[in-house]
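Protein chains in written order, with the numbering used here: chain H, 1 to 297; chain C, 298 to 615.
Honestly, I wouldn't trust all of these hints.
Claimed, not checked - Computed footprint of chain C on chain H, listed as stretches where at least three residues anywhere in the stretch have a Cβ under 8 Å from a Cβ of chain C:
#: 1; region: 86 to 94
#: 2; region: 170 to 177
#: 3; region: 197 to 210
#: 4; region: 234 to 247
No lab work stands behind these hints: they were computed from the structure. Note that this is a predicted model, so its numbers are computed, not measured. The beta carbon of each residue, even a glycine, is placed where N, CA and C say it ideally should be.
Listed below, chain by chain, are the residues.
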Amino acid sequence: MNWLTNFVRPKLKQLVKRDVPDNFWRKCPNCEYMIFHRDLEANLSVCQKCGHHLRLNAKQRLTMLFDEGKYHRVELPNVLLDPLNFRDQKRYTDRLKEARVKTSEEDALIVARGEMNGLPVVTAVLNFDFMGGSMGAAVGAGLITAARLAVAEKTPLIAVTSSGGARMQEGAISLMQMPRTVIAVREVKEAGLPYIVVLADPTTGGVTASFAMLGDIHIAEKGALIGFAGTRVIEQTVRETLPDGFQRAEYLLQHGMVDIVTERCDLRDTLIRVISLLMQSNKLDDGVPASYTLRSS
Amino acid sequence: MKTFLDFEQPIADLEGKIEELRHLSNNDDINITEEVGRLKEKSQRLLFHTYDNLSPWQKVQVARHPERPHCVDYIDELIRDFTPLAGDRQFGDDKAITSGLGKFRDQSCMVIGQEKGANTSERVRYNFGMPRPEGYRKANRLMRMADHFRLPIISFVDTPGAYPGIGAEERGQAEAIAKCIETCLTVKVPLISIIIGEGGSGGAIAIAAGDQVLMLEHSVYSVISPEGCASILWRDAGAAQTAAEALRLTATDLKKFGLIDMVVNEPLGGAHRDKLGTINAVGNAIEIALGNLKSRNSGDLCAQRRKRYLKLGEEITE
Ligand SMILES: [Zn+2]
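Chain C extracted, bound-state conformation (with noise of 0.2 Å):
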């Protein structure tokens, strides 16, 4: 079953049509046929206007999708030798983040990832994507350990925020966020991050103030939600489509300001239609930036780091 969002209506009735049609015609019917492939033309050329342009808020959604790939599909193909590893060793194991010891292309790497799970269950299961200070704790302990034995750390970014719960402030929330970020700009190995779906807030930036910062192309990566800032500023959560636009958090504006470094591109239609297709683009991103850090030695690679944060929102001078 798939699941069409509200702007992709036109394309499923016209997926719809398509499918109506195909029971009809069993026993190969020519002018089927051919109306079977007008509408798919008709459909494609919809579809690639419709995410062609695609508004703020309707990106939001697409990053939400609930069939878009997760951090775990993008283990399961890209990852060899997929160790899981658990626990912060003080208090639990975060399920919102999926770490552990890897090949990406035959370079061993630390993985750490935000998963939201792709069914009822495993969402509860993975708290929503929702990290708590043990999620956190954990990336930290990972990146240390990457840094220890000089393995590259892929970071997978796709969380609505971190967990704001009783226990999570009681056990530090604020305090494991800053020490992770204080970690990607301390660790001596390249650390790639991935924004794949949803970079929400500090919970996001915790493990992804990488070297090099990728986005999906519909993917958003915002300093609060749509609707928290519509609730806040507008005083009314259903401004959360004019929040998204102001709020300027896609893919494309986030590489216009300099805050990410490469833009990936997704097949037609957003990642949730071509999973492999996507899966597989962001392999060869991920490629890239680790080569595009290649000539930098574990010094210079920490210092630019810390270079390039520096200067985000100084005055452009010419």
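The shape of chain H in the complex, shown without the other chains (with noise of 0.2 Å):
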């Protein structure tokens, strides 16, 4: 921050408002406070206002994660296109289409390889871009790639989720990637390696009640909103005004749900050194686990 984004920009923008095309400013949800996109980036996306996290997409996201924002991403197969031939307002393989536009991804998992401090670790990210980071059995199918990848490589997995649940336009099907990608994250931890969860903003419904909430450990971002359902049905169903902060970060820390809460600026050095804690007596062994090390007669 200097003087010239601290004084000069309110005024600015009052002038530029019209002419500047919108997706140089960003207004804060939280304090209204226009951001200057530059600005916005260079502080991952937190208002430098009032802090406010906003949401990032996948791609930023893995840059920030990653040493020098490198990585490499890993091909994920191929799903059941509409199985159901599902269709409301719009049909589901309209929908897809205008979201592969909007984001230029396949679906609403990006999963890359990369080292975080040197160490090599797998990511899965759910892109809230994509269709709201719904799970349908695209992103089942990301989770088990990556979680493969992990085991064959030894490394961590790292899942960072925002999802508003499961894929309604895939049925019992999206439902139905809860045990599938339950399986794929238990498959990480049987071979005894990390599996965190950094749960960003809005992580609920079948992704919270599934991949995201068998974690060794738990990381959330500040103020993130995380539940299993929503605030309005919640709302209707228990006709009572919710607590002030309810489902967020911080309440989910208070509940122990959570591990840790942290800034955004905070997260990569937490999870290095988290992954650097838990991956010692895998690294003496040659990356094996040290329960798999026992020799067999």
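Relying on the hints, combine the two individually framed chains into one complex.
Following this line, the structure appears as structure tokens:
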């Protein structure tokens, strides 16, 4: 932050409001401060005025996590396309097409491998920009790929979640991605490798109730909404106002559901610290997990 | 007092007429007896035709029928020496999940089921079959116990979904469900799940990720309730009927997609017209399902169960 961003911009904003394309400025959803896109980028999409953590898309997330922002994308398998032939007010296939154009991605999960402070890791990131990060067969298949890669390369798996839950347009097939993803992360755990979940805003529904709540360690981003049921559904059911900060990261910390709540600027360092602490014995044995080094007679 | 569903009105009318005539025919009037016989036949035909052509939305209503046999009815009839076991050992006991030890056709087993209750006071007690985290943690504990003592697990699924409440969220509804699913996929004993009414989303799959998943003919199993789906995707809860069709939530659909193993036929006019018949049909199906798993050893069981779920949603390659 410098004097320019602090003092000149608000006035500037009013002057140029009409002429500058919207995407140069973003309004902080919390304090309504207008933030210049470059400042926002430089500050990991955290509002420099109020500290509100804006949502990151999957690519921004990968860039901030890996060393020098460098990583390799992992190709994911094809899945059944629109198995139900689903149509609400729009066809599911059209929604998919739109999301693909909007994000230049095939589906909501992106898997990448790379290094964090020199430690090799596999990361699976849900992209909220892609149909609300909803979990269908592609997300399930992607997580299996990520888990198996982590096991094959004996690296930790980091899942970064932000999702509205199951992808309704895939009906019960999307529901079955809950057991499917649970098995995926189970394989990582059974190989003695760390499975870390970073809960980003928002993480709800079937994603929370499956692989997002099964991490060895849960790290939530400051202020992230995390829960099973949506707030509106809860309000309609219990007919009372929800407590302050309900379903927010800090609330989950208080109730014992997450290990750490962190600011985004500390996230990478926290992950690196946790992983290197957990992986110490794995490293000593040439990457082979300690429990698997017993000699078989 | 019988409950008729909206679409059963023509059947209700006919049955009413039959009753009326019966009251008239105290003196063996041959004409009336004939008429009653004719109407009965007509009503049976109508019942058959109606239930043979139920729309998905009608199935949702049948699946939620208050007189449909519930978890406790199955336990009463199918499980001998039933010994209810309570509590999650952490916070409390959730009545929405009824569970315990017992014998199914001479086989000791663990029974876990969701109970909606048969009348208003029961429904309140059972929280309308919507479990809280304690319920899932109890189920989790008991599945592990079954694993420890090598007892097969039978789960009866009938829930609108996990309870969306403040306390439930506070105490980790999502975590409780996730752990329950994980346990379903870790135990080395047979796990048979039967959708007997409503299989409501994550609240259902928590205890239904089994080796063999059975579904009653008119039960439904869905990622979201048709009402919920309608209000999100159609922005109109009134579109539930359309949503029910789009979601493909019937037993036939799920069998077609390979998500369940067996559809158990219901008696004419639905499970609520012949509780005992339904319960016995389910009992026979459970026996078959257990038989199907006999050849698998415990290591195989878990591996094959995982394999089954790992491929759900995979592209079918020719
Ligand atoms: Zn702000």
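Against the structure, the hints come out as follows:
Counting residues of the region 86 to 94 of chain H whose CB lies closer than 8 Å to any CB of chain C gives 4, so the stated coverage by that chain holds, three being the minimum. Remark: the region 170 to 177 of chain H is confirmed as covered by chain C, as 8 of its residues place a Cβ nearer than 8 Å to a Cβ of that chain, reaching the required three. With 5 residues carrying a beta carbon less than 8 Å from a beta carbon of chain C, the region 197 to 210 of chain H meets the three-residue requirement, and the given coverage holds. Interface restraint, the region 234 to 247 of chain H with chain C: holds (8 residues with C-beta to C-beta distance below 8 Å; minimum three).
This entry satisfies every hint, going by the numbered hints stated previously.
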